[in-house]
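Novice: Please arrange chain C on chain S, whose structure you already have, making use of the hints.
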Amino acid sequence: MKKVIFAMSIVGMLALVSCGDDDNDPIEPVATCNDGVQNQGETGLDCGGPNCQACEVEPTCTDGIQNGDEAGVDCGGSCPEVCDTTGGIIEVSENITSDTTWNADNIYELQGRITVTNGATLTIEAGTIIKAFAGTGANASVLIIARGANIEALGTATQPIVFTSVADNIELGQTAGTNLTENDRGLWGGLIVLGNAPVSLDGDATEAQIEGIPASDTNGLYGGNDDADDSGTIQYVSIRHGGALIGEGNEINGLTLGGVGSGTTIDNVEVVGNVDDGIEFFGGSVNASNLFVWAQGDDAIDIDQAYSGTITNVVVVQGNISDHALEIDGPEGSLDGAFTLTDVTLFGLDQNVSEGEIADYRSNAQGSTSNVLVTGFTGIGQIEVDGEMTDLVLSDVELDNDGVAANYTAGELTFSAWEIVLPEGVTSSDEIFDDRSDVGSSFETDAATFSSSVADTASATVGANTSAFSWTYSNNTANLGF
Amino acid sequence: MKFRITFVFFVFLSIFYGSAQQGTVSGTVNDGEFNDVLPFANVLVKGSSKGTTSDFDGKYTLNLEPGTYTIVYSFLGYETKEITEVNVNPGSETIVDVTLNPASSQLDEVVVVTTASKNTEASVLNLQKRSVALLDGLSIQSIKRSGASDIASAVKSVPGVSVQGGKFVYVRGLGDRYTKSILNGVDVPGLDPDRNTLQLDIFPTNILDNIIVVKSSTADQPADFTGGVVDIVTKDLPTKEEYSISLGVGYNSTMHFNNDYLSYEGSDTDFLGFDDGLRDLPIQQSTEIPIPAQDGVTVRQLTRRFESTLAAQQEQSLMNFNFGFTAGNQYNLNEDGTKRLGYLASISYRNTTEFYEDYINGQVFRKDDQDRSVLELIDDRTQIGDLGINSILLNGLAGISLKTEQSKYKLNVLHIQNGESNASYLRQENFSVNSNVNFRDVLVYTERSITNVLLNGLHTNQDASWSTEWKIAPTLSRIYDKDFRVTPFLANDNGTFTISPSEAGDPTRIWRDLQEINLAGKLDITRKHQLFGRDAKLKFGGAYTYKQRDFVVDQFAFPVQSRGSNFSLQFGGDADQVLALDNIYALDTGEGTYVRRDSNISDTFDSEISVSAAYLSEEFKLSSRLNAILGVRMEMFDLKYTGERQDGTRLEDEQILDKTDFFPSANFIYDLNEDANKKVRASYSRTTARPSFKEASIAEIFDPVSSTFFIGNIDIQPTYINNYDIRFESYGEGNNFFAVSGFYKTFDDPIEVQFIREARGQFRPLNLGDAKVFGAELEIRRNLGFIPGWEDFNLNANISIIESQQNFSENEEDARRDNLREGETLDDNRQLQGQSPYLINFGVNYDNEDNGWQAGLFYNVQGETLEIVGNGDIPDVFTQPFHNLKLNFSKEFGKEIQHKISLNFSNILNDDIESFYKSFGAEDRIFSFRSPGQTISLGYSMQF
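So the protein sequences, as listed, match chains S and C. Take our numbering: the final residue in the first sequence is number 500, and no numbers are missing along the way. Take our numbering: the final residue in the second sequence is number 939, and no numbers are missing along the way.
Chain S with its partners taken away, still in its complex shape:
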């Protein structure tokens, strides 16, 4: 029996050991922004510093905040402006399955993934504001125009259509809010247009599911056989602060065009502060003109899967975390297709210590790039980061692999009339053209012929016609002088 008692005590001891430490730590009083004490780095009582809202300044009728006795943002109460009560907020939480019109009298709030389904047309009148809820993955608010559906987004230069986040304080009748900047990214998803035009896919599949949407939602499919497919019209549309992410590689662009056909009209589109690419073309044959991308997180203009349309008059303004201004891939399957990209001006972010390059031609890219003006990109030298001198990496125009170098040699990928405002430490325009393939090509030597240096943008003879972008939010906010 002695042994039994011993055995039990051992088991008991082990049980004790394993049951210990279940108690939670006592809760310490935590400094808050409403404890009436100026603590935790506050600059005033319960305001300012890293933890609390900025200290209030005297409310005005132009501060873009609903404060004081205002009934709305800067209107009503003691403000002279009467709040506009004609319109309201219309919540959009279900797919659009029949013809629908959105107008400038309302703000439309996108709640989650909204699809305009096959056969339906969504008409968006000039001046309409669409605000989207936050979230990522399935919760990301995106507007999808499925195959067979139409969008008629008919903005004008004076009354553009604005897609932005619910966090944006833009009001009815305005073209811009005041509380967000080009660095506020990923606050909602993006605009996705899917069509029936041919797409060159892995293993010659004829259709694909757009990234980030589960295959159980067949509204996410794009690609087909109709080159002239018509998905509608997108004119004078400004897309801001989007690009929510679903995971590595599953990225939502500002404007995603998957297999969109040449019957579709796309001109005067602006994308600002998107996490991922500004505008990405997955195959298709649509033509697009007057495109403006500012401060994207990844690439500004991205071409994939044998996109075969023409893009004219493009301006890219790089931001502090932007990657390539142009990222051009080719077909993934055996279906070929060549893009045409012309009249382009690329503004870099001088001396940017994180990467930010001019252009990357990759995989099997096919097409022509002409009349390009490049200015303000990172040159050669050093810069101080956190007290340490760090090498700058020259922003370049790159042939990334053997496939693309072979296409260059075969004349399937062409370059003409590039003008470069030389970055620091660079003496000749051809220095920024780099063939990184193993097979090699005459790309770097040819660069001396198809490119030249210019002193500044004013003396350039090529590039975009910037006056087309005078309507943009970017032009007005960043005082670009277009």
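No lab work stands behind these hints, which were simulated from the structure alone. Wrong hints could be hidden among the right ones.
Stated by the list, open to error - Simulated restraints, written as ranges between beta carbons of each label pair: (1) S:V48 x C:I467: 43 to 51 Å; (2) C:G559 x S:P98: 31 to 39 Å; (3) C:T703 x S:A246: 34 to 42 Å; (4) S:A246 x C:R367: 25 to 33 Å; (5) S:M407 x C:D353: 52 to 60 Å; (6) S:T224 x C:L518: 54 to 62 Å.
In this text, all values refer to a predicted model and were calculated from it rather than measured experimentally. Idealized CB from N, CA, C, for every residue including glycine.
Specialist: Chain C in isolation, oriented as in the chain S frame:
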């Protein structure tokens, strides 16, 4: 805390017992006529008045003074058997199992005399011989001999059994969908969100009595198995007072005392196999997380709730160590010993440290899409790094049993607690979708636990012609990935590091919780009777299993808000800086890291399964040598699902499957000789394979670890399988055994998880075209005594050859055809995923009872196995054979042979564990690689 454990350790060591006492002889009397035990047989000590009878279970026990005896076993109408040279040692138990065969003529008295050492019918082999179904077993003795510490590594030596990923058992090339793991004969929940089956690596061998692998179905077995049922039988109660302790250490020269080992600061109770709450979800599911532009104050507060440790730290690794303690006894409650109460308690602890340098996992290579004449694969993603793993396994088993003249009751409680902490630092290079180099710190903590209660009763009538057995077993299991942290940094060309969501992803943390409740009940009634003038046995009964599974995912991302230059530059590539207080989103600067909820409602589900079964079977003799077992089982299967799709479609307790099916089975056993030592078995059965919880659903589950989507299919149907088996068996003297088997299985509408061609990285379960599996197994166990001087050597060898043919789905066939290389042709079918074309086990062991020495050399290998089915331009991945050679020595010593020291050398060939991409005409490329190194383990155990 660690000191407390060490203290307990020394308490064990300081106890020493030893006193002269009686010994026991115990065992089971089996019925040679019939595949059963023989109750009420007479057991007498020759030349004395001492004796007993076997109970209704066929079990007997004799308490005797130390010495050498002859014991006589008899039963009316049966041969009498005399076993000579039965040695009884003080305080120890000698096991003698015997089989009595029916006397050929009722008038003659036949006495068979044999010595105890030649009578060592291993109980498992005996079970195998007597079983009506085709089965293979593994006794605790042979597991101990092979030095395996968990069931997953032990079960590999059963013919036709392979283990994938060190955890999941495949029987005859059929994986979790077709192989069922049960505990003491009843269903227990699985521990993997993706699979039906149990992870066997968390079952330590010290709780085991034996493992039985049943390969042919009888009506009393559940219908949802095809490859086999792996039954984990926990320790039976001892027949005498018994205590033991064991201690062990293991040293691996590449993994231990290595200063490069990676780990991270965990909780105070990590060493006990669970987290004390440090890694609890800091934000409840109902809490809405605003974006900084809306409510910076709240976002900052919520972000600060997350623990800031994100980096894998280098520190010195420790050795493996383990210890265990068991106690058991049996008490007579009345004078004649017909009422007995027994108990058993066991507790064990194991702490294992692994470190893999230059570990490779999940590399991606593709076929050239544009040019079919290019055979070599193209780099898409390469990944290499170091991985440190510390795994704790703590388990306790407690049981009591009460045995009366006609009844036996048993209550067993088992708890297994496992905590695994992983830290890795990986370099990833991307070539395709993105072109970059990034570095990632990955910290993972996984808590697994199983609590199982088994209440079991067995009753017979006076003459044991009726017997009833019932079991009730509730089980609770949980697998909880607690705070899975991934912090990727993009390496820029100038040596700086940045967080880049579009290139490498945002820092991510995940909590993934799977809980399953399982309630199993079973009733079996057996009636012995006469049919065609011969003994026959009618069996009928029912079973009910209810399973409920809850699966919840909470995922968060940590984007970095910049205003001026890229804010993440100042982290300098140090993951611990990402959530350092100074770098959390601050309202005055508008910069810094903030939290964002990334989980979706479609990741979460709640399902219920119930299976009600009833069966009837008759075992009878068609002639004196031909035994037939015919039966039919009915099962009602019902699956209900609650969950929501991303598009808002919601199912609430929706019945997805409701099936009532009949499963016939027939087993025939023909004895080729009078002694029933040579048998031919043949069997047919119909079985089923059912979709798992998440397969029969509308769930859309994004797995951030593999960046893949799993999409449920509510139209999925169960698979039905026809199984045909034939086997020849020969039982020789002692442990000598020879068997050769063949099997053939056809599958209607087999389920397989298939990629979706138009959506890269998305998968869905489908009923595919028909499949078949066939193969052969050969097993030899032979004492080498025919070579003079080799009497103490035994040889064990088995070889299995398995071929499977799975027809392609339309999607898969198209994708394969479109990606054929020039000169390559498309086969009509492929092998099943996870099936090894061959399995080989070979072992020689030396066992000398006189000097107490044991030694064994064991070799195990699985053939090249399809691990991942290729997807379009991504080729198939094959696990490479791992040549596992082990050597063990042990020595028993002490007056009462109570001490034992063992020494074990693993992976003597120093082989690596590898998987390759294989494509027509191309050089193989590595999918995964790790080098387990060589481990030397030293163990000590003592019985008292």
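Novice: Run every hint past the structure and note whether it holds.
Specialist: We went through each hint and held it up to the structure:
Checked against the hint of 43 to 51 Å, the pair S:V48 and C:I467 passes, with Cβ atoms roughly 49 Å apart. In this structure the supplied range 31 to 39 Å holds for C:G559 paired with S:P98, their Cβ-Cβ distance being about 37 Å. For the pair C:T703 and S:A246, the supplied restraint of 34 to 42 Å holds, since their beta-carbon distance comes to about 36 Å. Between S:A246 and C:R367 the beta carbons are some 31 Å apart, a value that agrees with the proposed interval 25 to 33 Å.
Checked against the hint of 52 to 60 Å, the C-beta distance between S:M407 and C:D353 comes to roughly 33 Å, which is inconsistent with it. Range check, S:T224 to C:L518: about 57 Å between beta-carbon atoms, so the 54 to 62 Å window is met.
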